[in-house]
Amino acid sequence: MSDAPSVPLLELEGLRKAFPGTLANDDVSLLIQPGEIHALLGENGAGKSTLVKMIYGVLRPDAGTIRWHGEPIELPSPRAARRRGVGMVFQHFSLFEALTAAENIALSLDDAPPMDTLTERARELSERYGLPLDPHAMVGDLSVGERQRIEIVRCLLQEPELLILDEPTSVLTPQEAEQLFKTLEQLRSDGKSILYISHRLNEVQRLCDNATVLRGGKVVGHCKPARESASSLATLMVGSELPEVSHDDAPESGAVLLEVRDLNRPAATPFSMALSNVNLEGKAGRILGIAGVAGNGQGELFEVLSGEALLQQPESIKLCGSLVGQQGINARRALGAAFVPEERLGHGAVPSMSLVDNTLLSRHRSDSAGLVGASGRIRRGKLRELTTHIIKTLDVRCSNEQQAAGALSGGNLQKFIIGRELDRKPRVMVVNQPTWGVDAGAALRIRNALVELARSGSAVVVISQDLEELLQISDDISVMHNGNLSAPMPAQQASPESLGLLMGGAEESRDQLAGEKH
Amino acid sequence: MEPELIVNVLLTIATASTPLLIAAMGELVVERSGVLNLGVEGMMVVGAVCGFGGAALSGNPWLGVLAGVCGGVLASLLFGVLTLSIATNQVATGLSLTLLGLGVSGLLGESFVGQAGTKLSAVDLGPLSDLPIIGRLLFGQDPLFYISLLLVAVVSWVLFRTRAGLILRAVGDSHDSAHALGISVVKIRYAAVAFGGACAGLAGAHLSLVYTTQWVENMTAGRGWIALALVVFASWRPWRVLAGAYLFGGVTIGQLHAQAFGVAVPSQLLSALPYLATIVVLVLISRNRRLTLLNTPACLGQPFVPHR
Amino acid sequence: MAFELVKRPMPSRLFAALSPLIAFTLTLLAGALLFQLQGVDPISGLYTYFIEPLTETWSLHELAIKAAPLILIAVGLALCYLSNNWNIGAEGQFILGGIVGSALPVLFPAFANSATLPTMLALGALGGACFALIPAYLKNRFNTNEILTSLMLVYVAQLLLDWLVRGPWRDPAGFGFPQTRAFGDFALLPAINDAAGRAHWGVAFAVIAALALWWLLRSTRTGFEIRVVGASPRAGAFAGFSEKRLTLFVFAVSGGLAGLAGIIEVSGTIGQLQPAISPGYGFTAIIVAFLGRLNPLGIVAAGTVLALTYLGGEAAQMSLGLSDKAVRVFQGLLLFFVLATDTLIHYQLRRSGDKHGA
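Residue numbers (this note's numbering), protein chains in the order written: chain A, 1 to 518; chain B, 1 to 308; chain C, 1 to 358.
Hints are supplied without guarantee of correctness; some may be wrong.
To be verified - With a straight-line Cα cutoff of 27 Å, these simulated DSSO-like cross-link-like pairs (lysine-lysine) come out:
#, chain 1, residue 1, chain 2, residue 2
1, A, Lys-392, A, Lys-382
2, A, Lys-218, C, Lys-7
3, A, Lys-218, A, Lys-318
4, A, Lys-392, A, Lys-425
5, A, Lys-382, A, Lys-425
6, B, Lys-187, C, Lys-7
If you're looking for bench data, these hints aren't it; they were derived computationally from the structure.
Please build the complete structure, drawing on both the sequences and the hints.
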């Protein structure tokens, strides 16, 4: 890669894009050479997605120039971008669940050949790049890894010169990610360029030739990742060096405050996962981390733990000494539990309602704050007071307590939701994806708060897809795969590789082998 | 029963089922694109008055059919502008389309009340139509009957065998994904909504040119709503709509014949049968939640605002 | 000219206040055009429609009589729509209320004392509520679409009323006319001020219902529950609210209010049952609910405006020879314009290609 060709494949100069209230990209420039894997590094909210949407013609820049093989071009639509030779694999896949893999592929091609030819070509490509897929499978039935393969194959079918991948490994096990890197390296050696968007430093260092770093919508640096250290990259990305999560030693074994025994739950909808024989223990003073690739039953487990979904057998879940399998979420809150769901907008908070109303959401029956009178009358004054207190304690950035929840940034809203629950000093706290899509500052604050809560004697269960996060804050780690939960292992003994095997279902196959022997 | 009588009953069932079938087929396409247009009743009644008026003023029933279709399309475009261009609530807008359609048709049709209409005559294939029994059933019905069957076949083929149909289904499944691929969600939905309007208008024209050949205010009498129920009943599949429409046609005609024979049940109860049957059928089909979830277009009823 | 919608960071308070007024103005303009097309001077047409009924005491009373059922039904519907329950069968619940409430004076005319009227009102509300619970139950139990079932039941109710007044409940001394016996004095809802006009105590019920529901929505946990579940069912489950229980509640309340309106109409305005007891109040109330922005106080104003169109329609028919069918066109247009202008609360209109503005 040292002798760069004279004409870059893609050259961006001074791109700018504003949305109501924010300047998402400001004077962004970067260069991509043919046959290069180029990293676009940045935190959540740094403007990476906006930038690539402009390269792919989904958004139009307000100002600036895009050059392709040295020629200035306009990209009025994704179709125009595809015709130029730009392919894109989205972070939140742009797939159609009710259609088959082959139909999904056909939709992305502007002049699709007949289905049979298409299927054949897709099969060839998938073999060549190690991307196995079944063209006739309904996408709704596939795992996230399989869906990503469809996305990649459908891009490759258009023979792009530039392939854009947006956070591709966030939904993969470490082993699947390694397989993806091999595919990408193969593509590079075929002369294709790749724009690789990530906030994970180790994989950027492992894979990418050059990197452009975005912060707050602006380019803050270009570098060669291999020559940088992880901490220098992190500093560039975040702007200042962030302290680590403080994680002193946990008490060896506290009282079991949350106990799940042989929990089974059939799939509620055609698109959800059944839970089978789940066992877990939340101990006072400790954090139990639950790892796993998205869609392996974490959401279903959370619903069952919170009481949003009730069980047949009350004895499956024991909370602070009571059997609660058939009790609703407010009864469990009354026993001292608190819950933070994965989805902030429309689950943990109502986007169209004010923060004041959102405080009431989880606390109208559950605590001694007395927010609702005996007659059912809401005590507005008290509620507003409590809300301002939460906002102040967790440093939630908002114009005031009457602002709609949907108008807050992801990080600030998450701090508010976590703060709303922490304020009750819960004895048991279950959190699903605590820092998903949250900026680094807020993530650090949230992680510290969770560790602090555990050390004060509460049992904390953290469900997360982010292995680094779990390794940082957990005392014990279990892995969810296919509706099963592995036995917990001490976090000090866990490594990304060992967890990755479990996330890919290694234990399950071992169990099957053991079963066959009997 | 005599064969002649059976043939007559079957013919009336076909006549009663055809408008339901046509309107439901249009709504099926609309809903497959992810739009819920509850204004079928309104578009249908506008189609009926335009159809009657067009035929009465020109003396040519085919011009009436054309007028009915145009009326339905115009009404549906009103719905389209609101729900698609300015993203209003689809349920509320559909309801208002029905209310407005009933009002407008009443006003337009005021001078037609009591006037004799023009009938769209049945096809006559000479010797073929004269064949005993099957002649009239297969070769002697009104033209819209054949069009309705053709419609089912064409919609089914387009939906599942062509690229246009694939795109339509994709838009109904995930408008965000479709937008990300560069498919123009709004344009496709406009086309689907207009098609639904054309079908509803055609169904209305059938009511005032074939079924009764007169104009009566509110003459659709809930058929638009039954058509909506048929789409749910059929789990958004064209051939099942055909079966459902004929089931309802059968119930409607059955109760009419029962009334004619003087069955010892109040005529009002018999008249209520099609509506009660709709409820029963909806209950039967909806109780299997899994099935409904699997078949319902995922974006049904959700407004879409492209974000550029 | 192409345009596009841009979401506002915050809903616009200005347009939230203005949009019903803009919608009403647009309806007036459309009305003027309609009059012009029919060969009537638009100014005098609009005057007859919207001003003249307000100039005399007796017609103000008539206005109140027509506004009361619209308001009663619409405030109930507002609870339904806010919580995402699409009850569009209020017309049927209104009729059922009229029927069940009338059972007493029709079947037991001898039971005539001061308890008669309260019992009738209670029965009417109960009848409407039970009828509304059918679609609610089917929705909860079988996941059946409540829009379609509640609407189908309107036709069933109309046919039931038709059967009763032509069959078992027909007045034996009524010369075969399809109507029940005329109610006795104890079964009639009295006028508030007989000397001034016909307005009866049903008007007071409407005002009380609007105030009560306004308070419920604004200040109580139940009101909060309705708004949360309507805005986001999953957040409702997270708050521990039962969607099914709420569905039963809002259907029962709205059906009860529609049934109450039905028996008030029969005992206060008509005085007996006849084949048709509603000029489409149950459907017009849907318009009232949206025009009032699903806020009970707004609905009081909106109900008055819609009642005005009924009165104006009658007046215009008599004095200008205009078709009374125009009323429904006005009402439909009004709802269309309300929905269209409401978009401006949440979105900004911008010409596409206009790169500035954010």
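A quick look at each hint next to the structure:
With a C-alpha separation of about 15 Å, the suggested pairing of Lys-392 of chain A with Lys-382 of chain A holds against the 27 Å cut-off. Restraint check for Lys-218 of chain A and Lys-7 of chain C: the C-alpha separation of about 24 Å stays at or below 27 Å, so the hint holds. About 50 Å separates the Cα atoms of Lys-218 of chain A and Lys-318 of chain A, which puts this hinted pair outside 27 Å; it is violated. Straight-line distance between C-alpha atoms of Lys-392 of chain A and Lys-425 of chain A comes to about 16 Å, which keeps the hinted pair within the 27 Å bound.
With a C-alpha separation of about 18 Å, the suggested pairing of Lys-382 of chain A with Lys-425 of chain A holds against the 27 Å cut-off. With a CA separation close to 20 Å, the supplied pair Lys-187 of chain B and Lys-7 of chain C stays within the 27 Å bound.
Hint violations for this structure: number 3 only, all remaining hints satisfied.
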